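My request is simple: use the sequences and hints to build the entire structure.
2 protein chains.
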Amino acid sequence: MQNLKLYNSLSRKKEAFKPITEGRVGMYVCGPTVYGDAHLGHARPGITFDVVYRYLQHLGYKTRYVRNITDVGHLVNDADEGEDKIAKKARLDQLEPMEVVAYYTRSYHRDMALLNTLPPSIEPTATGHIIEQIQMIEKILANGYAYEVDGNVYFDVVKYNKDHAYGKLSGRNIEDMMSNTRELDGQSEKRNAVDFALWKKASPEHIMRWPSPWSEGFPGWHLECSAMSTKYLGKRFDIHGGGMDLVFPHHEAEIAQSCASDGHDAVNYWMHNNMITIHGQKMGKSLGNFITLSEFFSGEHESLDQAYNPMTIRFFILQAHYRSTVDFSNEALQAAEKGMNKLMTAIDTLEGITTSNESSLNVEDYKQKFYDAINDDFNSPILIAHIFDVVKQINSIAAGNGSLNEKSKNDLMKLMNDFCFDILGLKKIESETEDGLSDEIMEVVLGLRKQAKENKDWITADFIRDELAKLNITVKDSKDGASWTKK
Amino acid sequence: MQNLKLYNSLSRKKEAFKPITEGRVGMYVCGPTVYGDAHLGHARPGITFDVVYRYLQHLGYKTRYVRNITDVGHLVNDADEGEDKIAKKARLDQLEPMEVVAYYTRSYHRDMALLNTLPPSIEPTATGHIIEQIQMIEKILANGYAYEVDGNVYFDVVKYNKDHAYGKLSGRNIEDMMSNTRELDGQSEKRNAVDFALWKKASPEHIMRWPSPWSEGFPGWHLECSAMSTKYLGKRFDIHGGGMDLVFPHHEAEIAQSCASDGHDAVNYWMHNNMITIHGQKMGKSLGNFITLSEFFSGEHESLDQAYNPMTIRFFILQAHYRSTVDFSNEALQAAEKGMNKLMTAIDTLEGITTSNESSLNVEDYKQKFYDAINDDFNSPILIAHIFDVVKQINSIAAGNGSLNEKSKNDLMKLMNDFCFDILGLKKIESETEDGLSDEIMEVVLGLRKQAKENKDWITADFIRDELAKLNITVKDSKDGASWTKK
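Chains Z and P supply the protein sequences, listed in that same order. Take our numbering: the last position of the first sequence gets the number 487, and nothing is skipped along the way. Take our numbering: the last position of the second sequence gets the number 1487, and nothing is skipped along the way.
Note that these hints are calculated values from the structure, not bench results. Some hints could be false.
Taking lysine-lysine pairs in the DSSO-like style, the calculated list, with each CA pair at most 27 Å apart, reads [to be verified]: (1) Z:Lys428 to P:Lys1428; (2) Z:Lys428 to Z:Lys453; (3) Z:Lys450 to P:Lys1450; (4) P:Lys1062 to P:Lys1159; (5) P:Lys1456 to Z:Lys201; (6) Z:Lys476 to Z:Lys486; (7) P:Lys1407 to P:Lys1392; (8) Z:Lys470 to P:Lys1407; (9) Z:Lys453 to P:Lys1456; (10) P:Lys1407 to Z:Lys201.
Computed from a predicted structure; not experimentally measured.
Quick look at the structure:
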């Protein structure tokens, strides 16, 4: 078994990964609030935890990956004035909130599929688990860590902090939080400004509402993840992931809810991906500086020089370690595009290499390097650097400087396939390299070109070259025959 | 406004369609139970109500289309012995039931997208609406039409039938039902054999369970549709659709639940599609004689002679009126494939026709015929017959027998586009006709072929013909140049 180490945000160090149940892993990741198109910021957790999921499965773990859909909108704050984001979008578009939810859930799934992320095992929705959230509130109330005021239920952070450590994930201190939290209007019914809502009574105009022992209302925005992770992964599970921006208050509140309900932490390893910035600032819908994924794929946004293939976006994100920030720029994406193309070309080249008796490349060395990199808290940039060492070697061997024997070639093809496709989740860009019919027709064209050259029919040969150039197709001759690429 | 008539299964006659709210339509359609891959039988309601949805939108109605996902499995009967279909599948596959649900929901969405059906506005799940179902049971109990026995709640059909007409949709008579219903073990706690469960107490090993005022348990299998249609479309809405096999008991029970809860019918128009048969027998998962849609798309099933494009399946289904049965056979599908190809070719041909001053074809006549056909309870076979009259005319004109002026050509192109693509939801088969790169490279090949012919270079011309023949590509010469098709 490989020796996987994860950086645990809770202990603030890399720890050897050991699942609760041998051979099985439970992983929960915070998913999107579906009231707008997914942007580049959503691609990062999508891809980060997709690689985690893929690698755990590569290691043979039977993995249950749960990622929620938040279909009841978070309030801006706990005060009644905060408007539900989804209900607001629905009101603006004159739709029922669940129409908004259905539309953007489909849009999210489409984008995540284009980025070649595997779908999670279960994708539970907040509105589909109101009963489970009410049950959790009842337990927290029974344990004395929550109180009801006028149909609202609040988590008593101060009382909880006496028995447990509130702030242990984010490293915040409750005294600092108390003094830094402004008392907003409408929050005055809370015992302490740091308390957060578990259940809110719906105002008369609020559409999304359910009956509860306290009022017709809706759950607070931290509760769904605690209730749904417990339901599908149990009271203790292995990995909880999400963006760093969720550490406080969301994940801190999740820890408090689980401890207050069940008396112990639910999560063994907390993993957080860093943010994508644009000119150094976090990209986000609420900040208004985001570029949606479909804009990246089409190139239709004033900040974009061109359209970017989803695989370019994926490669761009994987070039940085998930715990580092990534700054968006056209230059960086174009560099990623070049790198991605170079890698895919090398994998094709490798397939075409004629083997000899000797091998100038030691596959086992690279294999060890690849595994060492990914086992070191999913260090994808180091892994990609090693992969590019192999690319260099492949190109060298194809140029005649070095050789591969059959076993080395097969081992190397499997290694590249495992890491580039199965684990990093890259895939060849279809329109350029996998269009079967174009390939077949090009074979006819290349056959005609060969004939023309053999017959010294330069008019035809030139015609073919010029026409293909118009289509951005270049033909390369080698000892194994002609091949073609499209720019 | 067009004069749409619908066959209402409740009145057993065609009625003029008049929505409850002017300009808006609410439509609910029973969706799949997600415990297996969708088969041909699922394609029929998917496509039938997709055409209804498309046409209502074409007429300018703002339409809310709700189709549920049944993610808590129906029991075979009301007795405790019946095993939940989804839980059973989960147990067999060693998965959590919601993993089964997620997997087959994705598979269903994929197949429906391939069939070019539009996604519904809202796709609610049964497990996501347990609270609404409990609330509905409480109302039915309060109105005296249900009773509780040992944690189970049953609908009192006999009592209901004294005040309302149970059986009015299916045309069944309660006395006959009473005498025809065998008393099975475990049903003895019901007052009458015809009563059906609204809530079932979960046995200890039953995984899918929720708290309720009566027991930890789960809702009966008719309830979700009543609760969710009311939630998203109101207590009265326009259209309820589904397969004819759902008329009894499912839709009969829905009517009873709505009346018992709200005192009146919820649905104005009940629409039912007929079944797809295989050798005259209904195709169904529980019958074990089904062919899945992905098997049709790949051709990998012993009963299939070849793979069938999703558009062939769609065209095949639309060739019959939705209230007629359709019998599956390879011959019928192959005929549909030919018809579909002929139609798409004619649409391409129409685009290429050179206009003249005169028009030998009266577009308004056809337009009226097209609308008359679809307004007559969505009579797609008659509509398709009229479309093929137009196909014949187009081919005639392209061959020089007749002409189109510019206005007629544009009107006809719009008419064909509206009916074939927007309303019937057909689309061109991409790999064969819309592959941009193949088209471009083929232009190069056709250019070379032209050159060779002009130079009387028969070797090259023959080479091109033979190589293209190997790829099943045929080239056709006409006065407007050469064109190609792939078989």
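Comparing the hints with the structure gives:
| no. | hint | result |
| --- | --- | --- |
| 1 | Z:Lys428 to P:Lys1428 | holds, 26 Å |
| 2 | Z:Lys428 to Z:Lys453 | violated, 32 Å |
| 3 | Z:Lys450 to P:Lys1450 | holds, 18 Å |
| 4 | P:Lys1062 to P:Lys1159 | violated, 39 Å |
| 5 | P:Lys1456 to Z:Lys201 | violated, 86 Å |
| 6 | Z:Lys476 to Z:Lys486 | holds, 11 Å |
| 7 | P:Lys1407 to P:Lys1392 | holds, 19 Å |
| 8 | Z:Lys470 to P:Lys1407 | violated, 36 Å |
| 9 | Z:Lys453 to P:Lys1456 | holds, 18 Å |
| 10 | P:Lys1407 to Z:Lys201 | violated, 61 Å |
Hint compliance for this structure: hints 2, 4, 5, 8 and 10 are not met, and every other hint is.
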